[in-house]
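S.K.: The lines below spell out each chain.
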Amino acid sequence: MIPFWAQDATHAMALLSTLMPLVAFLAIMLGTRSKEKLSAGLSIGAVAVSFGCSFLLLFRLWNLREPLEYSTRWVALNTVEIPFGFLLDPVSLLMLCIVTLICLLVQVYSLGYMAGDPGFSRYYAFMSLFAWAMTSLVLSPTLLQLFIFWELVGLSSYLLIGFWYEKFSATQAGKKAFVMTRAGDVSFLLGLILVLVYAGNLSIVEMNSPGFAGLMPSTMVTFAALLIFGGIVGKSAQFPLLTWLPDAMEGPTPVSALLHSATMVAAGVYLFARLFPFFTLSPAAMGIILFIGTVSMLLAATMAMVARDIKQVWAYSTISQLGFMIMGLAAGGYFAGVFHLTTHAGFKALLFLCSGVLIHTFHTNDLFELAKGGVRRLKIPMVALAVAAGALAGLPPFSGFFSKEAILAVLALSSNPIWLGAGFLGAFLTAYYAFRVIFILLFPPQTATESSDQLSGLPSAPKPSHHEGSSMTLIWPLIILASFTLLLGFLQGPLENFLVKEDKHVLLSHGVLGAWLPFIALFFALAGAGLAWVEFGRQGARQVGFAERVPFFRDLFSQRWYLDHFYRFFVDRVVDRGFSRLFAQNDNRVIDGSIDAMSRGTLETSRFLAFLQSGMIQYRLLASFAVMVLLSLYFFF
Amino acid sequence: MIVPFGHVLMLAGMLFLLGVFCTVTRRNLIMIILGVEVMLNAAAIAFVGAALHWQSLEGQAFVLFIMAIAATEVSVGLALIVYAYRRSGSFDPSSYNLFR
Amino acid sequence: MSLYAFIFYLTGGLIVASTAIAITRRHMVHAVIYLLFSFFGTAVLFYLLGAPLLAALWVIIYAGAIMVLFLFIVMMIRTDTTSEVMFPLSQWLPAAIFGAIYLAVGVAVVLMTPGTEVALPMVVGSPREFALYVFQNHWLSIEIVSLLLLVALVGAVSLGRGRGEEQTEDEA
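Respectively, the protein sequence lines represent chains A, Z and E.
This note's numbering puts the first sequence at residues 1 to 637.
This note's numbering puts the second sequence at residues 1001 to 1100.
This note's numbering puts the third sequence at residues 2001 to 2172.
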């Protein structure tokens, strides 16, 4: 047990690490909006403090056995008590460290990237809000608190995606992200209510305890698990709701890095990992989740194969990798999923930050334009990009190799070989599209290079506009993240000890394929990279991918499997023409109609009364005479 | 012995009906006032007959008040009519419908 | 049928006939003159029914003052009444219907009330008796009525000051 004084200090550190960004957000919004440097300093300082605290917490609680829970009563209803506080256990601590680290690096990076933007202070305020929401989400002891911050994460990502609100597409993308994740959140909330009805509270520790199965019938557990997974689908952009994520590229690139690696989309997978024991109560739900993860992984990988926008490629790869994590988790590989989440956070942030440097320098998102511009001259970003792509593709010695291999090992354990096959296919496709980007960037077509060399004097060619002052703030996070990517893979053992205290090495017994598994995975990754080399890298390559040669696939992939069209169609047909017409008709006919009828009735009645009320004295006299006569009739007979 | 009280009442009633008819149907403000006078006349006849029937001077006293009321009504009413006529130039009651 | 009864029916018929003619005249002077006959008949009827003072007052005030006032106004305004819609259907038809009901009800009530078929006695309330009665029992009411007449006088004067035209011009 941890001594008493340490509990207090731990609590204080947890408080500091979550609340500092909120303080920074409030301070910036209320006081220092006009002073850009001060705002940025506040925000970075706050996130640095929370980063320091979270790492101290991680070291202090490295040998933690039981989850630590600090909570105070927030709302006490008749039967339901809603606590508010912190839950410190290995997965939340690890996630907290990732979040604060990525936030810190991204904020430092943004100093250079966002320099001169009119909304500089606002940007940092939103970043702080985002950090606060995410850290609080990570440490939530109950699902209700988690849900509140879940929504706050959605809100701040909406604000950041639509940060350049004068751009129409940015506001549209922000709206799309918000609405599509909201569709998932409705399902999440329903799931929460279902759990609340049966269990009486939403404590994560209780939901994960083995006794929870006795509280709910197994069908209800499956149902609740699927509903909660709906929220994960929305947040992590899994299969039916995946199209918002590529559009979210409209935000500033550091925001994309943050969204894709540590915060927004990671929140979904984190929730899955958080409630992992709960989900394992329902094998049926796990099967469905495994299927959805696989489908999203493969779909997004195919989309990434044909995208021309560098950020779009990484966006699709994020969906794909998230699907991969979910596959790993759903197949029972708790550690594998969380480990891949960790490594992915590192190399995906690196990918985006490198791309950000390229985009910042050449002012274009298009791969071929970037290649023509001569990105290969930017040595450090390109090396970092290659490292990140290697990690993404799962090549040793980069971190991605280890985590991917862990997931594949878990998949190999499952009875159905389809999942393992899908995993290998995914690894192959991932390596292919990752190196496609690298080769396109590194080896522009010969003619294009020459012409760009010749035309470099012309103003029309995209030219580097590197500000010397900002370069170091842009580069340092890259170096840190690249080293992180290189080293993290070798920390697999300690991390596994930290996350999974008991049942050690049960998951590491590789099924049928045994010890050959890493080599098979490596073979597929190398095959993908090799195919990319053949098509994009070698001398005189046409730089047209095999998928792009078939028009059907090209259209299918670049149109995102027509998902958006389907949504458009669905929204048009079912929602617009079906429901909303129904509601509109209800509005028009029933509500408006009844009000119209009432007013028309009033009007008609008053018109009739006005006809009686001719304003002429003789009719009044006549009426009073008639009344007198009728009264006499009444009284005398 | 003159006539039965009922006949007096019937005469008064018939006169009253004529007055009402005049008031209600004639499209002329002066004729409306005239109809009112006729109605008051009918009421006075009924009161005098009633005074005779019950051998009480109360009915006759009431006719005195009716006369005073009639005089008041006619003077104020006619003054109002003249005033209204000067403003609108019409005796037709249907043209006085500003409140409609 | 005694002489009194004959006189009653004669004057009654005269009153009803002259009133009926009066209310149907298009020309207002004619109407006023016919109504004068009706009021004279009423005065005769009062005399017949034992109210000589009221008969005299009736002639003086009603037939004299009020009708002269009517005549005066009609002549002063000198209006053109030829354009008047005499009996619009929308007015006289309901009036006739309700009038018929009214007459039927009135006749039925009179016939059904016991005591109305008894002939009236011949009694005269002399002016002296009447005056004493009124001033002993109704002196306050008389004073109030005189006040009412004064108010009517003031009102008529203030209405007749000719402000109407000025205001019309103002509003126009």
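Treat the hints as calculated values from the structure; they're not laboratory data.
Ideal Cβ placement from N, Cα and C applies to all residues, glycine included.
One or more of the hints may lead you astray.
Unchecked claim - Just some of the chain E residues that point at chain Z, by a computed CB distance under 8 Å:
no., residue
1, T2042
2, V2044
3, L2045
Claimed, not checked - Which residues of chain Z face chain A? A partial, calculated answer using Cβ under 10 Å:
no., residue
4, M1014
5, G1035
6, V1082
7, S1095
Claimed, not checked - Some chain E residues flagged as far from chain A (calculated, every beta-carbon gap over 12 Å):
no., residue
8, Y2004
9, L2036
10, F2037
11, I2101
12, G2106
13, M2112
S.K.: Does the interface hint hold: is S1095(Z) within less than 10 Å of chain A, judged Cβ to Cβ?
M.R.: With Cβ-Cβ at 9 Å, under 10 Å, it holds.
S.K.: So, as I understand it, the hint says V2044(E) touches chain Z; can you test that by seeing if any CB pair is closer than 8 Å?
M.R.: Since the shortest Cβ distance to chain Z is 11 Å, the answer is violated.
S.K.: Mind verifying the non-interface call on I2101(E)? Its CB should be farther than 12 Å from each CB in chain A.
M.R.: violated (5 Å)
S.K.: For the hint on V1082(Z), just tell me whether its beta-carbon gets within less than 10 Å of chain A.
M.R.: violated (17 Å)
S.K.: Find the nearest Cβ of chain A to the Cβ of L2036(E) and say whether that gap is larger than 12 Å.
M.R.: Label holds. Min Cβ-Cβ 24 Å, cutoff 12 Å.
S.K.: Determine whether the non-interface label on F2037(E) survives the test: each CB of chain A must be over 12 Å from its CB.
M.R.: holds (25 Å)
S.K.: Once the shortest beta carbon distance from T2042(E) to chain Z is found, is it less than 8 Å?
M.R.: Nearest chain Z Cβ about 6 Å off; hint holds.
S.K.: Say whether it holds or is violated: Y2004(E) keeps its Cβ farther than 12 Å from all Cβ of chain A.
M.R.: holds (30 Å)
S.K.: Double-check L2045(E) for me: the hint is only fine if its C-beta lies closer than 8 Å to a C-beta in chain Z.
M.R.: holds (6 Å)
S.K.: Could you check that no beta carbon of chain A comes within 12 Å of the beta carbon of M2112(E)?
M.R.: It is violated; M2112(E) is separated from chain A by about 8 Å at its closest Cβ, not greater than 12 Å.
S.K.: How about G1035(Z): closest beta carbon in chain A under 10 Å, or not?
M.R.: holds (9 Å)
S.K.: Hold the hint about M1014(Z) up to the distance rule: shortest CB distance to chain A must be less than 10 Å.
M.R.: M1014(Z) check fails; min Cβ-Cβ to chain A is 15 Å, beyond 10 Å.
Checked against the numbered hints listed earlier, the structure breaks hints 2, 4, 6, 11, 12 and 13; every other hint is satisfied.
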